[in-house]
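Protein chains: 2
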Amino acid sequence: MKKSLAHAAFGILALALATTASAQVKPEDQIKYRKAGYSFMSWNMGKIKTNLDGSYNKDQVAAAANAIAGIANSGMGALYGPGTEKDVGAQKTRVKPEFFSDKEGVTKVAIDFNKAANNLAKVAADGDAAAVKVAFGDLGKTCKACHDQYRAE
Amino acid sequence: MKKSLAHAAFGILALALATTASAQVKPEDQIKYRKAGYSFMSWNMGKIKTNLDGSYNKDQVAAAANAIAGIANSGMGALYGPGTEKDVGAQKTRVKPEFFSDKEGVTKVAIDFNKAANNLAKVAADGDAAAVKVAFGDLGKTCKACHDQYRAE
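Protein chains in written order, with the numbering used here: chain Z, 5 to 157; chain E, 5 to 157.
Check each hint, because a few of them may be wrong.
Because identical chains cannot be distinguished in the list, a pair is counted as satisfied if it fits within a single copy or across any two copies.
As the list claims (entries may be wrong) - Here are the simulated lysine to aspartate or glutamate pairs, EDC-like style, with alpha carbons at most 20 Å apart:
1) 53 <-> 33
2) 96 <-> 33
3) 30 <-> 57
4) 62 <-> 152
5) 96 <-> 32
Since the hints were derived computationally from the structure, they do not count as laboratory data.
Please model the complete structure; the sequences and the hints are all you need to start from.
Structure follows, in structure tokens:
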């Protein structure tokens with residue numbers, strides 16, 4: 005839990021501050037990279053779901069959960085810099101304007117997401133499918149909460 | 005080291021076998037997801053490089069290295085299934101035909117990549133910038149080795 009909170013705190017820090025490192029990434033690439041992160045997490049969520057629905061491979065689930073947590077903890081907030089609130093070049097984005105104004109709400113969904121992702125990785129390492137099912141559902145709810153509030157249809 | 009090798013072995017297993025989970029992913033989506041994984045790793049490699057070239061933020065580097073390792077260990081080999089050796093729909097791929105025939109060579113670059121990614125994550129957790137520089141260079145070499153052999157210009 006202490007580690008999860010530390011991770012969440014780091015995610016928020018990265019969300020709040022455009023770091024030197026991220027400032028050098030063009031807005032078009034920021035959109036590309038954040039979409040890549042969500043896309044890759046989506047593949048791994050799908051793998052976990054398939055395992056929960058069918059025959060359960062502990063190693064595959066643990067690896068998928070670690071990939072999701074690694075991405076969740078990587079400070080993706082830095083990929084929402086100025087100029088990324090609308091389509092840029094070839095990169096389309098569905099982010100709503102509210103994402104850039106509702107700091108309190110975004111901080112909450114980001115913390116919830118980080119905590120749930122880290123919890124899933126922890127639970128998946130233990131290999132108990134029933135516990136993974138709960139943690140997976142909890143993580144899915146945090147994805148949906150952000151999509152409902154900040155992603156256009 | 006034992007953990008790194010276990011991770012590498014899992015990556016290879018995933019590379020060799022199209023699992024039930026991955027078999028349900030359409031070829032077009034397999035290409036989309038593998039490109040997303042490389043793209044997201046690229047962002048994190050860039051962040052580490054920026055830290056090594058400028059002021060060093062241990063937490064940011066460790067998080068980036070964990071994201072890379074999480075993706076590297078996620079069994080991306082399953083995203084090179086039948087039908088993904090050329091462009092599908094909107095998804096373009098630069099993978100060379102040799103990738104699908106040279107099993108021994110691909111296994112080697114995959115193992116080297118997994119080991120280097122796990123080593124970087126381990127070293128980054130310790131926070132020694134000089135050691136991270138070496139591990140980062142080693143990982144970059146494994147990326148380049150695969151690109152040189154199996155990625156078209």
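Hint check results:
| no. | hint | in the structure |
| --- | --- | --- |
| 1 | 53 <-> 33 | between (30 Å within a copy, 17 Å between copies) |
| 2 | 96 <-> 33 | both (11 Å within a copy, 18 Å between copies) |
| 3 | 30 <-> 57 | between (40 Å within a copy, 19 Å between copies) |
| 4 | 62 <-> 152 | neither (31 Å within a copy, 34 Å between copies) |
| 5 | 96 <-> 32 | both (9 Å within a copy, 19 Å between copies) |
The earlier numbered hint that this structure contradicts is number 4, and it is the only one.
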